[in-house]
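Listed in order, the protein sequences are those of chains A and B.
Going by the working numbering, the first sequence opens with residue 1, and the numbers climb by one from there.
Going by the working numbering, the second sequence opens with residue 1, and the numbers climb by one from there.
Take the hints with a grain of salt, since some may be wrong.
A few chain B residues facing chain A, derived, Cβ under 7 Å [what the hints assert, rightly or not]:
#1 I33
#2 D36
#3 S40
#4 T41
#5 I43
#6 E52
#7 I56
#8 I63
Hints are computed from structural coordinates only; laboratory data are not their basis.
None of these values were measured; they are calculated from a predicted model.
Even for Gly, the Cβ is constructed at its ideal location relative to N, Cα and C.
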Amino acid sequence: MAPEDVPAIASMFQRILRKDRHAPSPALTAYLTRLFLDPPNRDPHIASLVHLRADGSVSGFMGVLPMPMVFEGRRLQAAIGGSFMVEGYEDDPYAGARLLRAFQNGPQDLSLTETANDVSTAMWRKLRGVILPDYSLEWLRVIRPAAFTVEMAAKAVGAARLVSPLARPVDALIRRAAPHAGWAHLPATALRGKVLPSADADDETSATLFQRFVQSHRLRPDWPEAELQRMIAESGRKANYGGMVRRQVSSRSGTPVGMFLYYGDRARIGRVIQILALPGQEGAVIDSMLADACERGLVALRGRTQPALLDAMLGRRFAFVHAASSIVHARDQSLIEPFRTGQAFFNGFAGESWSRLLGDRFD
Amino acid sequence: MSASVKSEIRAFIVENFLFGDESQVPADETSLIETDLVDSTGILEMVLFLEERFAISVADAEIVPDNFDSVARLMTFVNGKRAAAGLALAEG
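Just chain B, with the same shape it has in the complex:
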């Protein structure tokens, strides 16, 4: 994978939730819920993005803040899914 998981997730957040404003990119550990960046609608957009971009399958029960509430958690989640599926780990 040419680009890192983190940078792709960040780019997706900028494009879809920040209207392209890169100055507002959240820090790795910043809560996407508490900063009102991702709500119940946005999370569905995020799930579809992860499934399509990283070729993973997200179970309904996995759509929880522990997996989705920050860039760092998203990265950990994606890498974990890819490792479980035997896919190459992307760079952090």
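In isolation and in its complexed conformation, chain A is listed as follows:
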């Protein structure tokens, strides 16, 4: 990928991934330039890839973000592939195959993605990528069922929000009839006063907590401090998802036991990007996050699973669906094992979900 490729990449990104026929804004073009030509954790040997037609024009792209990792004291280089897109399939049906293969044949120890759609997943599978079910599920916790239903309808037809005032009395009725947490609702009173306290975490505190809480994973990111700070700063803007809520969860004695990061506004569905917890404290951190979302009036929370969180989620009435796949590929098969056994920290900040490409506007 070279600087002169960016306008074509931005145009494809807008049309194919954002499904918007308008020309990409200068802000989007600038962000793509910065993210993929000067990414956090930059490695001179790992670069984003473009596919060129015979005339030299861009017909495909694989955005690549380097991520240093460590596994039992051994330093590794991982590369996260995303924004994978090809246009003109009829002209060159093998372009996507060449791009994905070129990515996997790169110098990195681990090739990763957390955003593979069905077609991309099938291609990864053929190249001996390992699909990771425990990292590939989208979880959902409904808080206010009537308002949640309106929000889901509004995603298809925006005018559905006009009936949202009608949802409030319905949800109030449900709360009165069933004051305890259920599969389809979660009254704020069910958690109020029963969860560990949380407090807003600033960028610096968040960086410290990230570094601390990933330590319990055998295979984990090894972010340089400045690079993690940049990722945290960029994650602050996801206008399409709503306002950012990032809070540190502490024990009764004041010791930090976890952190959660989500985006969302009152009467909307919140998007959780990361939940961090000390081993054994996952449930307490999740409860604290749910209580926070209830108090803020969100209608539901959704996010991506991590194996370390699944056990705690099972008893808390979460629903799970598959939306996109998290996949790992490595020439050294011993590096796959910690992913299979859920001992790798992957998804969220150990992925591409922190970037503004997911959830932000570039007007």
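Assemble chain B onto chain A, guided by the hints.
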């Protein structure tokens, strides 16, 4: 090599893209793309098969219709790679 390159490629296509239906085996010059037999996913399967079965290495830039779009082209490609590597040519 006991079996010919062509017959092995044909057998692979039947097994993996035709669900074992030998009555649909494409003619040597039939386009695998135009007949929707091999798409962007299937081509990766084909590349892995060629590399492992015929001990050749396929460069990303070689994954093009000129090399992969028919049984005849695949055979020519494999034989060319084997000749370049100093391996014995298989029967056509």
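Notebook entry, point to check: Can B:S40 be said to touch chain A, with a Cβ gap under 7 Å?
Noted result: holds (5 Å)
Check: Holds or violated: B:T41 as interface residue toward chain A, Cβ cutoff 7 Å?
Finding: B:T41 check passes; min Cβ-Cβ to chain A is 5 Å, inside 7 Å.
Check: Does the interface hint hold: is B:E52 within less than 7 Å of chain A, judged Cβ to Cβ?
Finding: At about 11 Å, which exceeds the 7 Å cut-off, the nearest Cβ of chain A leaves the hint on B:E52 violated.
Margin query: Take the shortest C-beta to C-beta distance between B:I43 and chain A; is it under 7 Å?
Written below: holds (5 Å)
Check: Should the interface hint for B:I63 be scored as holding, given a Cβ-Cβ cut-off of 7 Å against chain A?
Finding: holds (5 Å)
Checklist line | Hint status (Cβ of B:I56 to nearest Cβ of chain A, threshold 7 Å) | finding: violated (15 Å)
Check: Per the CB criterion, is B:I33 less than 7 Å away from chain A?
Finding: It holds, given that the least Cβ distance between B:I33 and chain A is near 5 Å, below 7 Å.
Margin query: Given a cut of 7 Å on the nearest C-beta pair, is the interface hint for B:D36 held or broken against chain A?
Written below: violated (10 Å)
In terms of the numbered hints stated before, the structure departs from hints 2, 6 and 7, listed from lowest to highest.
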